[in-house]
Structure formats: structure tokens, C-alpha cells
Amino acid sequence: RKEVEQDPGPFNVPEGATVAFNCTYSNSASQSFFWYRQDCRKEPKLLMSVYSSGNEDGRFTAQLNRASQYISLLIRDSKLSDSATYLCVVNTNTGNQFYFGTGTSLTVIP
Amino acid sequence: DAGVTQSPTHLIKTRGQHVTLRCSPISGHKSVSWYQQVLGQGPQFIFQYYEKEERGRGNFPDRFSARQFPNYSSELNVNALLLGDSALYLCASTPRNWDDEQYFGPGTRLTVT
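These protein sequence lines are chains A and B, in that order.
Note that the working numbering has the first sequence beginning at 1, numbered continuously upward.
Note that the working numbering has the second sequence beginning at 111, numbered continuously upward.
Simulated from the structure, these hints should not be mistaken for lab results.
These figures come from a predicted structure and were not determined experimentally.
Quick reminder that beta carbons are idealized off the backbone N, C-alpha and C, glycines included.
Certain hints may be false.
[Claimed, not checked] So, partial list: chain A residues that the calculated Cβ filter (under 8 Å) puts toward chain B:
#1 Asp-39
#2 Pro-44
#3 Leu-46
Work the whole structure out from these sequences, hints included.
Spelled out as C-alpha cells, the structure:
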């Protein structure tokens, strides 16, 4: 079983739409959670950390559900510039490893 | 300030050869991690080094090795290259310990023919 699982999509949404991504993780001892964004043929860049209480950064909201072992990312009022692959990342306390999901592809259509 | 730098940018090798990839972390960062990203997949963790010691190792064969130097730069070595080693190799640095946010370099694209 994979440590982190994501729906690869693709998600094709019109400008202004709201879109949500979910990600599940298998290790209940996981400590830290992140969403990264990766543009085509570029390196991943941190979008936001995910805190237990949930957190919001402008149009982006991240949630963590430890009981069900999933994290989510909500993007409101989608912009063309949001088109990218969104990677869910989980860090466990065993072996100091960061586990990445396969990524969810988002295309925002004019 | 300069970000994470990696060299070379692109590399073409043949099966059986070995390769050395290099990474310089952000100034002041003491931890470096290496990842392999195959097309269409997320990055897969290979190694993490902190203060010149190996702190984490992913599920990769012994053909993969790495080290970190006193200036915190790092090298990833891959021996006996296989076609399946073709990938983007990413280096990431963090200031201190293993649960900090990671800052990625642009990667080295390795093609094995």
C-alpha cells in the first residue's frame, strides 16, 4: 500500500470555479503535512503547510483529518495561473522520510 | 539570496555507467534530501543528510549512494546505471531538522540509453 494516495485527475475547471483535492495517507504516526505545487518541467514549490486546526491563505484552504487520515486542499475562484500539478506531502517520524503523492493535475479553462 | 543549485542540468549516460550529481543548499541550510521523479509520478525519497550524517534512506538499491560535505553541499552517486534510472533528480534543502519545509532545486534530468 502506498504511503500517500491522490487522485491523479486531470481536473479541468472553468475560471472562477471552486475545486477540491483530497489525499489519504497510511501511516497514522505521520507528523507533518504539506501541499506543493509543481509546474510542468519545474521543481516542486511549497504552496502551504497543513495544520491540525486547518489553515487558509487567500483563495487556498487546507484541512487535516487525522481520524480519517486525509488532507484536503480547496481552491476558490480558480485562476488560469492555478493550472499545475498539486502534490500532497506527508512526513512520518520513521526514517525521516517525506512521502509525496503522485500529484493531481489541474487545468483552469478560460 | 541564491536558492538551491544543482549540476549538471541535463545528462545522458549509457547503461552500466556511473553518474555523480551535485547539489548546493541554500546558504545556512544544513539538511539536504535527494529525490527521484519519474515522469508522471511524484518525487520518491532517496536520501536525507543532516550535519554530514545520513538521517534517512528510501527504498532504493545500494547502487545509489550519497554524501554531504563540510560546506553542506551534497553528491548523489548512482552506479551501474539502468534504463529505469532515467528521471529528474531533485535536491531539497531545509534549515535544520527533517520536518521543516523543503526548498527544491531545479533538478538534474538524467537520461540513460
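Okay, the hints, checked on the actual structure:
no., hint, result
1, Asp-39, "12 Å, violated"
2, Pro-44, "5 Å, holds"
3, Leu-46, "5 Å, holds"
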